[in-house]
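Given chain A's structure and the hints, the job is docking chain B onto it.
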Amino acid sequence: MTSGQLHSPSVAARLIRVHPLMLVGLGGAVGSVVRHIVLAGSVKPSIAVFLLNVVGSLALGSITAWLQHARSSLHGDAGEAKPHWAALLGLGLCGGLTTFSTHMVDVAQRLDSSETETALLSLFGTAAAAIAAAAVGYELTRRATQPATGDTR
Amino acid sequence: MTLIALVLLLGAAGAIARATVARTLPPLAGTLAINLAAAFLLGLSTPWTGIAADGFRIGLLGAASTWSTLANELALLVRERRYLRAAGYLVASLVFGVAAAWLGLRLS
Numbered sequence: 001m002t003s004g005q006l007h008s009p010s011v012a013a014r015l016i017r018v019h020p021l022m023l024v025g026l027g028g029a030v031g032s033v034v035r036h037i038v039l040a041g042s043v044k045p046s047i048a049v050f051l052l053n054v055v056g057s058l059a060l061g062s063i064t065a066w067l068q069h070a071r072s073s074l075h076g077d078a079g080e081a082k083p084h085w086a087a088l089l090g091l092g093l094c095g096g097l098t099t100f101s102t103h104m105v106d107v108a109q110r111l112d113s114s115e116t117e118t119a120l121l122s123l124f125g126t127a128a129a130a131i132a133a134a135a136v137g138y139e140l141t142r143r144a145t146q147p148a149t150g151d152t153r
Numbered sequence: 001m002t003l004i005a006l007v008l009l010l011g012a013a014g015a016i017a018r019a020t021v022a023r024t025l026p027p028l029a030g031t032l033a034i035n036l037a038a039a040f041l042l043g044l045s046t047p048w049t050g051i052a053a054d055g056f057r058i059g060l061l062g063a064a065s066t067w068s069t070l071a072n073e074l075a076l077l078v079r080e081r082r083y084l085r086a087a088g089y090l091v092a093s094l095v096f097g098v099a100a101a102w103l104g105l106r107l108s
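Residue numbers (my numbering), protein chains in the order written: chain A, 1 to 153; chain B, 1 to 108.
It is worth saying that the hints were derived from the structure and are not from the lab. Be aware that a few hints might be false.
[To be verified] Estimated spans, in silico, between C-beta atoms of each pair:
no.: 1; chain 1: A; residue 1: A144; chain 2: B; residue 2: T46; range: 39 to 45 Å
no.: 2; chain 1: A; residue 1: Q146; chain 2: B; residue 2: L25; range: 31 to 37 Å
no.: 3; chain 1: B; residue 1: R79; chain 2: A; residue 2: I47; range: 27 to 33 Å
no.: 4; chain 1: A; residue 1: S113; chain 2: B; residue 2: T20; range: 32 to 38 Å
no.: 5; chain 1: B; residue 1: A53; chain 2: A; residue 2: E139; range: 38 to 44 Å
no.: 6; chain 1: B; residue 1: I51; chain 2: A; residue 2: R71; range: 41 to 47 Å
no.: 7; chain 1: B; residue 1: W48; chain 2: A; residue 2: K44; range: 22 to 28 Å
no.: 8; chain 1: A; residue 1: I37; chain 2: B; residue 2: Y83; range: 35 to 41 Å
no.: 9; chain 1: B; residue 1: P26; chain 2: A; residue 2: A40; range: 34 to 40 Å
no.: 10; chain 1: B; residue 1: L25; chain 2: A; residue 2: G41; range: 34 to 40 Å
no.: 11; chain 1: B; residue 1: I51; chain 2: A; residue 2: R143; range: 15 to 21 Å
no.: 12; chain 1: A; residue 1: L140; chain 2: B; residue 2: L25; range: 26 to 32 Å
Every value quoted in this text rests on a predicted model; they were computed, and no experiment measured them. Don't be surprised by glycine CBs; every beta carbon is placed ideally from N, CA and C.
Isolated chain A, as found in the complex (with noise of 0.2 Å):
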C-alpha cells in the first residue's frame, strides 16, 4: 500500500460530489493568476511564457500517468475520482498555467517585424520542448509507479 492509496480515497470521497467543470474552473483561476504573476514579473515575457508553457506540460504527462495508475491499481472511490482530480489538475490548473494564443501573437509579431529567426526558434522550441517535457513527465511517473501496479496485477 502507498500513501496515496491510504488517503485519496477520502479526499476523493470530498471532491466526488463537486461538477468537474467547478474543478476546471478553480484549477484555471489559480493557474491563470500563477501565469499572471510570472509574466508580470519577468524581464524576458516570451522566455517566461515558453518556461510556463513547458514546465506546464512537464506536469501534465505526469499527471496522466499518475491518473493512469490510480485507475489501474485502485479500486472504487479512487477510480471514481479519476475524472475530478483531472478535471482540476490537469485541464485546469494545467491548462490555465499554459497558454497557446501568447506564444502565438508573440510569433506572429516577430515574423511582422521581421524577426524570422527569433520566430522560427520559438515556435519549434516550444513545440520540441514541450513534447519532450510531457513525454518524460509521463515515462517519469510511469516508471515511478510501475512496480506497485505490477504487484496489484
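Relative to the frame of chain A, chain B by itself:
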C-alpha cells in the same frame, strides 16, 4: 489587485470554456479549435487598453488556450506510434495558430 481578481474569475471561465469545447468536439479537434480561436482573438484584442482588456486577454484567452494539452496529446500520439496523425496535428496547430494570430493582428 483588481486585475488579479479579474484574471482569477476570467481564468476560471476560460478553462471551463475550453473543457466544454473539448467535450463537445472530437479529442484533437476540440483543443485545436479553442487554441485557434483564442490566438485569433488575442491578436484582434492586442490594441485594446484598460483593465478589462487585460483581464480578457490574460484570464479568458490565456486559460482558454493551452500548450500542455496540445503537448500531452502529441506525446500520446507518438507513444501510440500514430506519427502521421501527430505530424498533421502539430503542423496544423502551429501553421494555423500563427496564421490566426497574424490575421487577428491585421484586422485589429
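Hint by hint, here is what the structure shows:
no. : hint                       : in the structure
1   : A:A144 x B:T46: 39 to 45 Å : 43 Å, holds
2   : A:Q146 x B:L25: 31 to 37 Å : 33 Å, holds
3   : B:R79 x A:I47: 27 to 33 Å  : 29 Å, holds
4   : A:S113 x B:T20: 32 to 38 Å : 36 Å, holds
5   : B:A53 x A:E139: 38 to 44 Å : 41 Å, holds
6   : B:I51 x A:R71: 41 to 47 Å  : 43 Å, holds
7   : B:W48 x A:K44: 22 to 28 Å  : 23 Å, holds
8   : A:I37 x B:Y83: 35 to 41 Å  : 38 Å, holds
9   : B:P26 x A:A40: 34 to 40 Å  : 36 Å, holds
10  : B:L25 x A:G41: 34 to 40 Å  : 36 Å, holds
11  : B:I51 x A:R143: 15 to 21 Å : 46 Å, violated
12  : A:L140 x B:L25: 26 to 32 Å : 31 Å, holds
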